[in-house]
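J.: Sequence:
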Amino acid sequence: MTARSAVLAGVGGWVPPRVVTNADLSAGLDTSDEWIRSRTGIAQRHFVDPGMSTSDLAVEAARRALVSAGTPGVDAVVVATMTPDRSCPAIAPEVASRLGLTGVAAYDLGAVCTGFVYSLASAAGLIATELADRVLVIGADVLSSVTNPADRTTAVVLADGAGAVVLRAGRRDEPGALGSFDLGSDGGGSDLIQVAAGGARQRLSGRTPDPADFYFTMDGREVFRNAVVRMAASSRTVVRRVGWQLADVDRVVSHQANIRILNALADELDLARDRVVANIDRVGNTGAASIPLALADAGASGVVAAGDRVLITAFGGGLTWGSTVLVWPRLRPAERPGDPMGSAAGTAPATAGTEPAPLPHHPMSEPPATGPATR
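At position 170 of the sequence shown (counting the first as 1) the number is 170 in the working numbering, and the numbers step up by one without a gap.
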């Protein structure tokens, strides 16, 4: 019997309508548009409006991925997030219910910015063991909810968004099949990226936590060094396992941390910087959503085309990292208001090493659709 593989069947993304420019942030911080662009590559990002939560973003991205896949139903829903609506329960069951997916397996997975890659691996396992034929994998974060508005190093980077893919059971040798995974962690660096309060370590019944402990913090220098080294090593491993050479890779879709990390990763892998997909200029660092948003962006605009060999790699808190590969399949474009994400005014996603320019309103940030999907 031929082993089942997880095959990419659809992709979609969504960001909230509210656009926050560098000029908007500069008004309240000791910074400027030039400072932000030169260090992060970001020109604008999207924030939720009051009353909007991570599950709302996840539902909208999922709708678009389901349309792209041409299926209203799946057997399981996996949500990668570090900003769930509440500490418990998980948001995946609620997201599934709002999509009309009653009775399916649904759970959250927390690996910060690596969460989407870990979730792909988890979903691939469900398919390989015949626990599911189709799995909806979502990466969604509202990082503005944990952003310290007075911290210039994080306030200019973090953003809100969601991306999703549908995986189906298929053959290992067909386009879209996820190849080998490489996953890793190093808990010795757990304090390099964190939100210190909100868990069992700082209980409300004990000392009153410092309000600053509820904000996202990171050691930028150490994160940069670890991100480049870990993603490069993981990328080499997974490429070798499937019998490719790094030179065979057409596009790298990495966690969109900042443009300097994307450029350094390309250099470390000895790849031209324009092979690394970058949409961070328009959406910022959206955490677990960054990779699926970049996939949706690149696929819709044609930056990634059918037959391209794609390397996906991520790094995040924990510390965690992971990579996988696939040959990009022909996908049905998701039905969205306006132009596909990344093609507004004829503009495709930037590539690492290019100077980002101001872009028009993000076309995937139209008001949410109404009504559940029908299974």
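Rather than coming from a laboratory, the hints here were simulated on the basis of the structure.
Mixed in with the good hints there might be a few duds.
Restraint-style ranges between C-beta atoms, simulated for each label pair [to be verified]:
1. R86 with S32: 36 to 42 Å
2. S32 with G220: 33 to 39 Å
3. Q202 with A128: 34 to 40 Å
4. D133 with R86: 27 to 33 Å
Owing to the predicted nature of the structure, the values given are computational and were not obtained by experimental measurement.
Don't be surprised by glycine CBs; every beta carbon is placed ideally from N, CA and C.
J.: When the hints from earlier in the document are held up against this structure, which numbers fail?
T.: 2
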